[in-house]
Amino acid sequence: MSGTVINANVVDAIALPRIVWLRPNLIGLAFNLMKLLPARFIVRKALEEGELAPGGLIAETTSGTFGLALAMVARLRGHPLTLVSDPAIDPPLQRRLEDLGATVHIVREPGPTGGFQQARLAILEQVLADNPGSFCPRQYSNPNNPASYAPCAEQLAHAAGAVDCLIGSVGSGGSMCGISSYLRLLCPELTAIGVDTHRSVLFGQSDAGGGRTLRGLGNSLMPPNVDHTAFDLVHWVGAAEAFHATRMLHREHALFMGPTSGAAYLVADWWARENPDQLGAVIFPDEGYRYQDTVYDDAWLAAKGLRLEALPRGPVEWDRPHDGDDPWSFHRWGRRTFAEATGTRGGALELVA
Amino acid sequence: MQAAAQILDLGGPSERERAAPDTALFPSAAAPFRTGHGEVRAHHGEIVQGIFPSGDGGVEHALVTLPCPLFRARARFRPLRSGPLTVEPVDRARARAAARLTLDALGRAGWGGSLRIESNIPLQWGCGSSTADVLSTVRAVADAFGTVLEPEWLARICVAAETASDSLMFAPGRAVLFAQRRGSLLLDLGGPLPPVRVLGVNTEGDRGVATLSLPPIPYSTWEIEAFRPMLGLLRRAVERQDPALLGRVATASTVITQRHRPKKSMPQLLRLAEEVGALGVQVAHSGTVAGLLFETGAGAAGRVERAREALRGLGLRESCDFSTDLQPEAVS
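Chains as they are written, first to last, in this note's numbering: chain L, 1 to 353; chain E, 1001 to 1332.
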């Protein structure tokens, strides 16, 4: 948190978000790098509980911001780090990870099922088996991922009191399930709105038919850390709307955030207009720098056919989760389990913990 | 039990004492002394009790108590230059030990005297009766030598005499997060708790529990972390003087404690609070009392009445009814 203290390191200094008003009834939680919270907490608890020796190897599969956060934490705490990624990793990120001392292992071939993610998991298991005493944070199944968000809930409760609604994108389930679990201890009536994207299995779509253009939320595998019973509503947002909303967030509020923030903002702004008498908070997980040549480039958007002139006024309501590319849709999930809400046993594949 | 010398080491004289030396600090002088008096008001359990970051990267067991002006302890101490140290009632051994520690800390090793304690604080309800005995004693002994000790000193002597202590040494006008096992202040909340009306219930009839013998609760990681947002909302409640937020914090702490130290009527009490529109439910986390919280003033009178009837319906006996902003004169 900003203030008069000198922080022990930059992770402590920037782990918590800036809190800003977006509307009279909507607060934005703007993180530099939200995954610093789980990275810091998971490593600290692993050291405390003896799962990770001082100076021991940390290994994880990631091509995104969790890897960057882990690399920062590992560097500052003096742990070697191996990250297993796929060719989608962007070169500037890879250079930054390597500058922080991480070994980045790129998997070249997708697995027969579960795509690159399953292939990366296989390599990760090999790295862990080859290095006795190494530790894998397992952000998708480690309960210390959602538990790590208590300081964010503390900050929000102190700054805003009791909020009525929390809106955020869902990828590992950590931030939304963690923050909402803590806020509900204080405000059991809190509405939690999860933001997913089409062809993500998290809330009942299948990942068949090509990859997802909107990255950083959604998943092809079902993370155990997604507690479906946390969610009152689920939205599916497409790439074009999310990118447009990302730009609006920048143009209207000077908040330079990534497209997962845009997806959450799209839903939050709609919710705030629909519920003028309630107070909402929306999570913006990372900054826009990684997307300057894509989301923030009109020519790139036009070339990809992702340039919208205007946003739809609101989402289409689905009476049940189903496949489909409706631009922007939502379902009243009603805090049900996955099986209750979809009538099926589980997602495409259970992520192996 | 800590030695008195250690207490001196830990504390040191206050700024005021350094600036204007009190004769009490110099036992060789022909120091005046008199009959000393000390008084302490009780609490009605806690708003929150759990584990909190201690600032040095570690964590501490700590609590925020709910002041209760209905109950109090008074101590009277008559010093003697030599001879035995006697206490009435005779079973108040901790108070006697505290008197000895205080005499030593004030440089009166070897002095004796007679200590008398009067208290209407119910024993073992979790209202701080033990700390109140000890604290009123320490104040009375200090008063006998014309000294007023700082809260931080008082806390250390109380912990030395009791092993754990409540935060009664801090005036009700100053809400603090207090590490009861160390006797140290973790956080000054910067003001009083927002005022609330408390409808008290003893969940064990009129019995109590021996609070000092209870082992620490083995909180889960999620639960330990959950005390952070509780503290965040509590700070907001104090800053805005918002009783509704205070009620939410109290209920959250009650719910967590109920998982580990279940009070048998608590599920009904929590439901009742919701039904009658109470702000929340607080408990003595190491005791037997619980309280339904309401706004102060006439606005909540109807809800309090409905709660009272509902309690009778559940076969629970109301043990007290007070507002935390009640002036002390009104209850004497």
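It is possible that some hints are incorrect.
Said to hold, decoys possible - So these bits of chain E aren't anywhere near chain L, every CB distance computed over 12 Å:
| id | residue |
| --- | --- |
| 1 | Pro1089 |
| 2 | Asp1091 |
| 3 | Ala1171 |
| 4 | Gly1173 |
| 5 | Ser1220 |
| 6 | Glu1225 |
| 7 | Ala1244 |
| 8 | Arg1248 |
| 9 | Thr1251 |
| 10 | Val1304 |
| 11 | Leu1316 |
Claimed, not checked - Computed far set for chain E versus chain L, every beta-carbon distance over 10 Å:
| id | residue |
| --- | --- |
| 12 | Thr1221 |
| 13 | Ala1252 |
| 14 | Ile1256 |
| 15 | Gln1268 |
What the hints assert, rightly or not - Chain E side only, calculated, beta carbon under 8 Å to chain L, not exhaustive:
| id | residue |
| --- | --- |
| 16 | Val1059 |
| 17 | Ala1097 |
| 18 | Phe1170 |
| 19 | Arg1174 |
| 20 | Ala1226 |
| 21 | Arg1228 |
| 22 | Leu1231 |
| 23 | Val1238 |
Source of the hints: derived by calculation from the structure; they are not laboratory data.
For every residue, glycine included, the Cβ atom is placed at its ideal position computed from N, Cα and C.
Right, here's what the structure says about each hint:
The non-interface label for Pro1089 of chain E is consistent with chain L: the shortest C-beta to C-beta separation is roughly 42 Å, beyond 12 Å. For Asp1091 of chain E, the non-interface assignment is confirmed: its Cβ lies about 41 Å from the closest Cβ of chain L, beyond the 12 Å cut-off. Every Cβ of chain L is farther than 12 Å from the Cβ of Ala1171 of chain E; the closest lies at roughly 24 Å, confirming the non-interface assignment. At roughly 21 Å from the closest C-beta of chain L, the C-beta of Gly1173 of chain E stays outside 12 Å, upholding its exclusion from the interface.
The beta carbon of Ser1220 of chain E is not kept farther than 12 Å from every beta carbon of chain L, the shortest such distance being approximately 9 Å. For Glu1225 of chain E, the requirement that its beta carbon stay farther than 12 Å from each beta carbon of chain L is not met, with the minimum near 4 Å. The claim that Ala1244 of chain E is not at the interface with chain L is violated, since a C-beta of that chain comes within 12 Å of its own (minimum 8 Å). A Cβ of chain L approaches the Cβ of Arg1248 of chain E within 12 Å, the least distance being about 5 Å, so the stated non-interface status is violated.
Annotated as non-interface, Thr1251 of chain E brings its C-beta within 12 Å of a C-beta of chain L; the closest such distance is 8 Å. Every CB of chain L is more than 12 Å from the CB of Val1304 of chain E (nearest about 23 Å), matching its label as outside the interface. Non-interface status of Leu1316 of chain E relative to chain L is upheld: no Cβ of that chain comes within 12 Å, the nearest being about 23 Å off. Residue-level check failed: Thr1221 of chain E sits 5 Å from the nearest beta carbon of chain L, not beyond 10 Å.
A Cβ of chain L approaches the Cβ of Ala1252 of chain E within 10 Å, the least distance being about 5 Å, so the stated non-interface status is violated. A cut-off of 10 Å between C-beta atoms contradicts the statement that Ile1256 of chain E is not in contact with chain L; the least separation is 8 Å. Every Cβ of chain L is farther than 10 Å from the Cβ of Gln1268 of chain E; the closest lies at roughly 17 Å, confirming the non-interface assignment. Below 8 Å, beta-carbon pairs count as interface contacts, and Val1059 of chain E has none with chain L, the closest being about 11 Å; its hint is therefore violated.
Hint status for Ala1097 of chain E relative to chain L: violated, with the closest Cβ pair at about 37 Å, above 8 Å. Below 8 Å, beta-carbon pairs count as interface contacts, and Phe1170 of chain E has none with chain L, the closest being about 21 Å; its hint is therefore violated. Annotation: interface hint on Arg1174 of chain E violated; nearest CB of chain L at approximately 19 Å, more than 8 Å. At a threshold of 8 Å, the smallest CB-CB gap from Ala1226 of chain E to chain L is about 6 Å, leaving the interface hint in force.
Taken as an interface hint, Arg1228 of chain E checks out: its beta carbon lies about 4 Å from the nearest beta carbon of chain L, inside 8 Å. With 8 Å as the threshold, the beta carbon of Leu1231 of chain E comes within range of chain L, its nearest partner Cβ sitting at about 6 Å, so the hint holds. The beta carbon of Val1238 of chain E comes no nearer than 10 Å to any beta carbon in chain L, farther than 8 Å, and the hint placing it at the interface is violated.
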